[in-house]
Amino acid sequence: MKKENQERLKNIIEKYPKMESAVMPIMQLFQDENQNYLGVSEMKEVANAMNMSMSKIFGIATYYTMFNTKPIGKYHLQVDTCVPGFLHGADEIVEYLRKKLNIEVGETTQDGMFTLSTVQDLASCATGPVIQVNDKYYENMTIEKTDQLIKDLLEGKEPENDPSMTVVSECGILLNDRTQKECRTLEFYKKNGGYQALKKALAMKPEDIVNEVKESQIKGRGGAAFPAGVKWSFLPKNDPRPVYLICNADEGEPGTFKDRQIMEFNPHLVIEGIAISSFAVGAQKAFIYIRGEFSWIAEILETAVEEAKKDNQLEHVEITVHRGFGSYVCGDETAQIESLEGRRGNPRAKPPFPASFGLYGCPTVVNNVETLASVPYIIKNGAEAFKNIGGPNDFGPKIYGVSGHVNNPGVFEYPMGTKLKTILETAGGVKRKLKAVIVGGLSVPILTAEEAEDLSLDFASCQKAGTALGSGGIIVINDTVPIPELTLRTIEFYAHESCGQCMPCREGTQVIVKKLKGLIEGKGKKDDIDLILRLCGNIKGLTICPTGEAFTVPIQAMITKFRPEFEALVR
Amino acid sequence: MTKTVFIDGKKIEYEGNKTLLEIARENNIYIPSLCYHPKLGPASMCRVCVVEVEGMRGLQPSCATIPAEGAKVLTNTERVIEARKTVVNLLLSNGNHNCLSCEVNGDCELQDAAYHLGIEIPAFLIEQPEERDESGVFILRDPGKCIKCGRCIEGCNRLVVNEVLDFGYRGGEIKVICDNDIPMGESTCVQCGECVQLCPVGALIDKKAIGKARTWETHTVRTTCPYCGVGCQLELHMKEDQIVRVTGVEDAQPNQGHLCVKGRYGYDFIYSGDRLTTPLIKENGVFREASWNEALDLVAGKFKQIIQESGPDTLAGVSCARSSNEDSYNMQKLFRGVFGTNNIDHCART
Numbered sequence: 001m002k003k004e005n006q007e008r009l010k011n012i013i014e015k016y017p018k019m020e021s022a023v024m025p026i027m028q029l030f031q032d033e034n035q036n037y038l039g040v041s042e043m044k045e046v047a048n049a050m051n052m053s054m055s056k057i058f059g060i061a062t063y064y065t066m067f068n069t070k071p072i073g074k075y076h077l078q079v080d081t082c083v084p085g086f087l088h089g090a091d092e093i094v095e096y097l098r099k100k101l102n103i104e105v106g107e108t109t110q111d112g113m114f115t116l117s118t119v120q121d122l123a124s125c126a127t128g129p130v131i132q133v134n135d136k137y138y139e140n141m142t143i144e145k146t147d148q149l150i151k152d153l154l155e156g157k158e159p160e161n162d163p164s165m166t167v168v169s170e171c172g173i174l175l176n177d178r179t180q181k182e183c184r185t186l187e188f189y190k191k192n193g194g195y196q197a198l199k200k201a202l203a204m205k206p207e208d209i210v211n212e213v214k215e216s217q218i219k220g221r222g223g224a225a226f227p228a229g230v231k232w233s234f235l236p237k238n239d240p241r242p243v244y245l246i247c248n249a250d251e252g253e254p255g256t257f258k259d260r261q262i263m264e265f266n267p268h269l270v271i272e273g274i275a276i277s278s279f280a281v282g283a284q285k286a287f288i289y290i291r292g293e294f295s296w297i298a299e300i301l302e303t304a305v306e307e308a309k310k311d312n313q314l315e316h317v318e319i320t321v322h323r324g325f326g327s328y329v330c331g332d333e334t335a336q337i338e339s340l341e342g343r344r345g346n347p348r349a350k351p352p353f354p355a356s357f358g359l360y361g362c363p364t365v366v367n368n369v370e371t372l373a374s375v376p377y378i379i380k381n382g383a384e385a386f387k388n389i390g391g392p393n394d395f396g397p398k399i400y401g402v403s404g405h406v407n408n409p410g411v412f413e414y415p416m417g418t419k420l421k422t423i424l425e426t427a428g429g430v431k432r433k434l435k436a437v438i439v440g441g442l443s444v445p446i447l448t449a450e451e452a453e454d455l456s457l458d459f460a461s462c463q464k465a466g467t468a469l470g471s472g473g474i475i476v477i478n479d480t481v482p483i484p485e486l487t488l489r490t491i492e493f494y495a496h497e498s499c500g501q502c503m504p505c506r507e508g509t510q511v512i513v514k515k516l517k518g519l520i521e522g523k524g525k526k527d528d529i530d531l532i533l534r535l536c537g538n539i540k541g542l543t544i545c546p547t548g549e550a551f552t553v554p555i556q557a558m559i560t561k562f563r564p565e566f567e568a569l570v571r
Numbered sequence: 001m002t003k004t005v006f007i008d009g010k011k012i013e014y015e016g017n018k019t020l021l022e023i024a025r026e027n028n029i030y031i032p033s034l035c036y037h038p039k040l041g042p043a044s045m046c047r048v049c050v051v052e053v054e055g056m057r058g059l060q061p062s063c064a065t066i067p068a069e070g071a072k073v074l075t076n077t078e079r080v081i082e083a084r085k086t087v088v089n090l091l092l093s094n095g096n097h098n099c100l101s102c103e104v105n106g107d108c109e110l111q112d113a114a115y116h117l118g119i120e121i122p123a124f125l126i127e128q129p130e131e132r133d134e135s136g137v138f139i140l141r142d143p144g145k146c147i148k149c150g151r152c153i154e155g156c157n158r159l160v161v162n163e164v165l166d167f168g169y170r171g172g173e174i175k176v177i178c179d180n181d182i183p184m185g186e187s188t189c190v191q192c193g194e195c196v197q198l199c200p201v202g203a204l205i206d207k208k209a210i211g212k213a214r215t216w217e218t219h220t221v222r223t224t225c226p227y228c229g230v231g232c233q234l235e236l237h238m239k240e241d242q243i244v245r246v247t248g249v250e251d252a253q254p255n256q257g258h259l260c261v262k263g264r265y266g267y268d269f270i271y272s273g274d275r276l277t278t279p280l281i282k283e284n285g286v287f288r289e290a291s292w293n294e295a296l297d298l299v300a301g302k303f304k305q306i307i308q309e310s311g312p313d314t315l316a317g318v319s320c321a322r323s324s325n326e327d328s329y330n331m332q333k334l335f336r337g338v339f340g341t342n343n344i345d346h347c348a349r350t
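Going down the list, the protein sequences come from chains A and B. Read in the numbering used here, the first sequence has 115 at position 115, and its numbers run on one by one without any break. Read in the numbering used here, the second sequence has 53 at position 53, and its numbers run on one by one without any break.
Hint data in this document are derived by calculation from the structure and do not stem from the laboratory. These numbers were taken from a predicted model, which means no experiment stands behind them. Heads up, a few of these hints could be off.
[Stated by the list, open to error] Below are the SDA-like pairs computed for lysine to any residue, each with C-alpha atoms no more than 25 Å apart in a straight line:
#1 A/70 to B/72
#2 A/285 to A/351
#3 A/136 to A/170
#4 A/514 to B/175
#5 A/350 to B/122
#6 A/540 to A/571
#7 A/464 to A/480
#8 A/540 to B/253
#9 B/11 to B/68
#10 A/540 to B/331
#11 B/39 to B/28
#12 A/44 to B/169
#13 B/39 to A/361
#14 A/350 to B/120
#15 A/523 to B/122
#16 A/523 to B/172
#17 A/44 to A/95
#18 A/540 to B/55
#19 A/350 to B/119
#20 A/517 to B/173
#21 A/526 to A/562
#22 A/526 to B/55
#23 A/525 to B/119
#24 A/526 to B/72
#25 A/540 to B/72
#26 A/526 to B/25
#27 A/44 to B/173
#28 A/540 to B/74
[As the list claims (entries may be wrong)] If you want the footprint, here are the derived chain B segments under chain A, 3+ residues with CB under 8 Å:
#29 39-52
#30 87-94
#31 156-166
#32 177-183
C-beta atoms are modelled at their ideal positions from N, C-alpha and C, and glycine is treated no differently.
Sequences are here, hints too, so could you generate the full structure?
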C-alpha cells in the first residue's frame, strides 16, 4: 500500500470509536482510486488492512449499491426510475440513452465512456427525471438536456446541475431563504438568531430539555411518528456506557426529499439540533448518517461542522458525518446501526431496542433530520409556542414534499394539519385530473381522489383516513397512470431494496414482482390477484423490520382500491 | 426458580431462562423452524417458528421469545399456520426442492415443515436452479436447494472461525459465497464440513455419501475418532457394515459436533486391503504372522535385554499423536516408572 494511503486510512479509522466502522469509507477510498471500480485485488487490500475475511468484504461490497464490483465506464449514468421518477418521465430518458449510446441498461459503451444503469430512488422526486453521473446529480432533465449532457461529457466538461423547484415556507422555521448565496454559512445563520437555542440549552439541566421536547409532543418526522421526547426518555439512567446520537439522514423513502432541503441550505440548523439533543441525552459523540448519493451535501455538513467547531459551539459533542453506500433498509434505525458498525445493513431483531443496546452495544438515540432540526425552535421558544403551530392533532412545522403530476412540484413548509388541498394548490394544482395520491412516501396506502378530497395532513387525520402521513412525501398521480404499472414499480423498489434476511420479505417480493409482471404482460390468471393479496396479508407483520409492512400495505391498497384495472388485465 | 408457561392450553413448568422454542421442544411440542440451531441460537430470519403470544402484537418468533411468567402461547391458530404455510410455500417455490433423489430426503427440516403443514405442491412458481458447485473435495454445494438461513455462515465464522462463508449480494439475489464468490474448491475452505452438519436442507452435502444410502436405511454407531488425542465423538452412519458418512455428536464433549477434515472424511483407510490384521515378525528379512502374545513377549524381552546391557537411557519413546491422552499418559509411565528413563516425548512436539 502506498504510504500516503496508509496515512489516509489512519485518518479515517481515527474518526470512529471502533475500527470496523471505517471499513466502508476505506472501501470507497480504494474504489475511488481505481476508476470507480472495487476489484478483487482492492478488496483483498481492504481485507488485509482491516483484518477482516474476504467473504465479509465481498458481502459488504455486493450489498451496497454504490460499490462497483465490475469495471465501469468513465461516466456512470444512473437514471432514477422509481415511482416519482416514473411519473416525471424517467423511462423516456432511459429509452433515449439506450438508443443514443446503443447499449442496454447495465452495459458499458465500447469506448468505455458510459455505463447506463437504472436506480431506485435518488430522493430527487420533485426534480425528476434525475440522472446521477458518478457522484453528481443532474435534475429536471429533458431529452434535450440529456443530449447536451452527453455532448458535454464527451468533451470532458461537467455542466452545472439545475436543481430548481418550488419552495414555499409559511412557517419559516426549517427552510431558510436559499436564494441568499451565503445561506449555509455560520455567519448568516447566527445573524438570523442561530445557536441562541444551544446557548440556552447548555444553561439548562439535560432532563429539562428532554421534558420540554416531550411536552412539545413532536413526533418523529422520519415516518414512524414516534414521540421524540419519549424516545429519549427510554435511555437507561446512571449507565456507565457512552451514549450515542445518530442523526438519520438516510433519506430514501420514495417521494421524500425534505431532509436534503434542510441539510443543503440550512446545515447549521441540523447541527444546532444535534448539539442540543446530544447535550440532552448525554451523548459526547454524534453521527450524521447521510445517504452516500448526497455526497455534496455531506461535504456541506462537514464544512458546517468545522465552522461550528471553530466557533466553539461543539465543545460538548463531536459530530462525524458518515456516508451510507446505497441501501433503503439502512433508513431503519437498527439497520443503520449495523451499517455504521461496518456490516451489511440487516435490521436487528427488537428487543433489545437501540435505547438500551444500540451502536457498539451502547445506549443510542436515532432521530430524523427534520425532527432534530425542530429542536432548536422548541428550546428557544418553548413547547407551548411549538404547539401553537398547527393542530389540533399534531403540532409544529412540517415539510411536505410534492412530486408527480402537479404543475409546480417542490417543498412546502406548512403547519401540521394543513389541508392537502392547500398544499396541492400551492404546488400549482394537479396536471389533468387527480386519480390518486400517496401522502406519506411510497410505503403508505394510496388514497383515491375522493378519499383525499378533504384530508388534513397530520398523523392522526391520515390514520383516520386509512393511510399514514409517514415522511410527508406526497406523490400525486393523475388519470394517465395505470395503477397496475404503478404497483409493479412499487414492488420492484422493495424487491430491489429487501436486505434478503427474512424469508417472507425476500421471497415474497420476488413472487409478487413476477405475478404482477405476468398480469401486465397479459399472461396472468384471475387467481393471481387474490394470491398477491393473500401473500400480502400473510407477510404483513411477519418480518424483523417494517419493510414487510412497507410493501404489503401499499400493494394491498393499490389492488383493492383499483381492482377493476387489475381484473381488466386478465384475458 | 420454577416458571410457568401455557402452550396451547397445556401448563408447562420449566427452570431457567429459556425461549419458547426450547420449552416446546423439551415438551415434545412440534414447532417447525429452519434457521434456528441449538448450537447457534436464534437468528429470527425464517419466520417459520412464529406463534401467537397473548398480549403481544403480531406473531412472535418462538426461537427468540423468552416468555413472561404465565404467558399464554398458541402454536396452532389459523393465523400461525397461514404464516408458516406462506413462508414454506415461498421457499419451496424459489429453488429446486425436488426430494425424489435428494441426499437428505427424510432428514430435511424444510421437508419436515412442509409435511406437517400438508404442502404437497408449492403454491407459486419454480425458479431455474442455480448450478451446483462440485469443486470442493468433500463438500457439494447446491444453491438451488439453499434457503439462505445462514446457519452454515454462523458455523463457519463463529464456531470454527474459518471465515470462508458469508452472505453475498442482497434481496432476491442473496447467496452464500466462499471468499469473493469463487468455487469452494478454489477458496480458502479447509473442508471441515461444519457447514454440512449445520445445513437444514440438502444445499451442502457430503460428496462421499452421494448415492450410498437413503437416510432411513442407515443406523448410527457412536465412537471416538482415532486420529488424535482430542477424542472427538463421532457418529458413524452405517448401511449394514459400511460407513456412509460421519457426523460429530452434537451434545457430546469435547467437540460438540465439530470435526476436522480428517475425522469427518478420512475414514477410507479402514477398508484398505493393506491394513494389518495381526502382528508381523520379521525373520530372515521376511515377515510372518504372529499372535499378540508372541509379539509382545518378543518386544518385552528385547527391551529388558537392552536395559540390562546398556542401561535405561539407551531407550527412548515417542508417543503417537493418534493415541488418546490416557494412552500417552501410560506410555510415559512405562518409560519413567518401569524402564527408568526420562527419554519420553510426543510426536506433536517434535
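To see whether the hints hold, each was checked on the structure:
The suggested pairing of residue 70 of chain A with residue 72 of chain B is violated, with an alpha-carbon distance near 53 Å, which exceeds 25 Å. As the CA atoms of residue 285 of chain A and residue 351 of chain A are separated by approximately 24 Å, the hinted pair is consistent with the 25 Å bound. Annotation: proposed proximity of residue 136 of chain A to residue 170 of chain A is violated, straight-line Cα distance about 31 Å (limit 25 Å). Our distance criterion of 25 Å between C-alpha atoms is met by residue 514 of chain A and residue 175 of chain B, whose separation comes to about 20 Å.
Distance hint between residue 350 of chain A and residue 122 of chain B is unfulfilled; the C-alpha atoms sit about 31 Å from each other, more than 25 Å. The hinted pair formed by residue 540 of chain A and residue 571 of chain A fails the criterion: a straight-line CA distance of about 30 Å is larger than 25 Å. Between the alpha carbons of residue 464 of chain A and residue 480 of chain A the distance comes to roughly 28 Å, so the proposed pair goes past 25 Å and is violated. About 43 Å separates the Cα atoms of residue 540 of chain A and residue 253 of chain B, which puts this hinted pair outside 25 Å; it is violated.
Distance check on the hinted pair: residue 11 of chain B and residue 68 of chain B sit about 14 Å apart at the alpha-carbon level, within 25 Å; holds. This hinted pair does not check out: residue 540 of chain A and residue 331 of chain B have alpha carbons roughly 66 Å apart, beyond 25 Å. A distance of roughly 19 Å separates the Cα atoms of residue 39 of chain B and residue 28 of chain B; the hinted pair therefore holds under the 25 Å criterion. Our distance criterion of 25 Å between C-alpha atoms is met by residue 44 of chain A and residue 169 of chain B, whose separation comes to about 18 Å.
A C-alpha spacing of about 23 Å is found between residue 39 of chain B and residue 361 of chain A, which places the hinted pair at or below 25 Å, so the restraint holds. Under the criterion of a C-alpha separation no larger than 25 Å, the hint pairing residue 350 of chain A with residue 120 of chain B is inconsistent with the structure, at around 34 Å. Restraint check for residue 523 of chain A and residue 122 of chain B: satisfied, since their Cα atoms lie roughly 20 Å apart, inside the 25 Å limit. Of the pairs offered as hints, the one joining residue 523 of chain A and residue 172 of chain B holds, with about 22 Å between alpha carbons and a cut-off of 25 Å not exceeded.
This hinted pair does not check out: residue 44 of chain A and residue 95 of chain A have alpha carbons roughly 38 Å apart, beyond 25 Å. Between residue 540 of chain A and residue 55 of chain B, the direct Cα distance comes to roughly 18 Å. Compliance with the 25 Å bound is thereby established for this hinted pair. Under the criterion of a C-alpha separation no larger than 25 Å, the hint pairing residue 350 of chain A with residue 119 of chain B is inconsistent with the structure, at around 31 Å. The suggested pairing of residue 517 of chain A with residue 173 of chain B holds, with an alpha-carbon distance near 18 Å, which does not exceed 25 Å.
Distance hint between residue 526 of chain A and residue 562 of chain A is fulfilled; the C-alpha atoms sit about 15 Å from each other, no more than 25 Å. For a cut-off of 25 Å, the pair hint linking residue 526 of chain A to residue 55 of chain B is broken: about 38 Å separates their Cα positions. With a C-alpha separation of about 22 Å, the suggested pairing of residue 525 of chain A with residue 119 of chain B holds against the 25 Å cut-off. The suggested pairing of residue 526 of chain A with residue 72 of chain B is violated, with an alpha-carbon distance near 40 Å, which exceeds 25 Å.
A hinted pair counts as satisfied when its Cα atoms are at most 25 Å apart, and residue 540 of chain A with residue 72 of chain B qualifies at roughly 23 Å. Using a Cα cut-off of 25 Å, the hinted pair residue 526 of chain A and residue 25 of chain B is violated, with the two alpha carbons roughly 42 Å apart. Taking the CA atoms of residue 44 of chain A and residue 173 of chain B, the gap is near 23 Å; set against the 25 Å cutoff, the hint holds. Annotation: proposed proximity of residue 540 of chain A to residue 74 of chain B holds, straight-line Cα distance about 19 Å (limit 25 Å).
Remark: the segment 39-52 of chain B is confirmed as covered by chain A, as 7 of its residues place a Cβ nearer than 8 Å to a Cβ of that chain, reaching the required three. Counting residues of the segment 87-94 of chain B whose beta carbon lies closer than 8 Å to any beta carbon of chain A gives 5, which reaches the threshold of three, so the coverage claim holds. A count of 5 residues in the segment 156-166 of chain B with a Cβ less than 8 Å from any Cβ of chain A is obtained; the coverage claim is therefore met, three being the minimum. A stretch counts as covered by a chain when three or more of its residues have a beta carbon under 8 Å from one of that chain; for the segment 177-183 of chain B and chain A the count is 5, and the coverage holds.
Hint compliance for this structure: hints 1, 3, 5, 6, 7, 8, 10, 14, 17, 19, 22, 24 and 26 are broken, all remaining hints hold.
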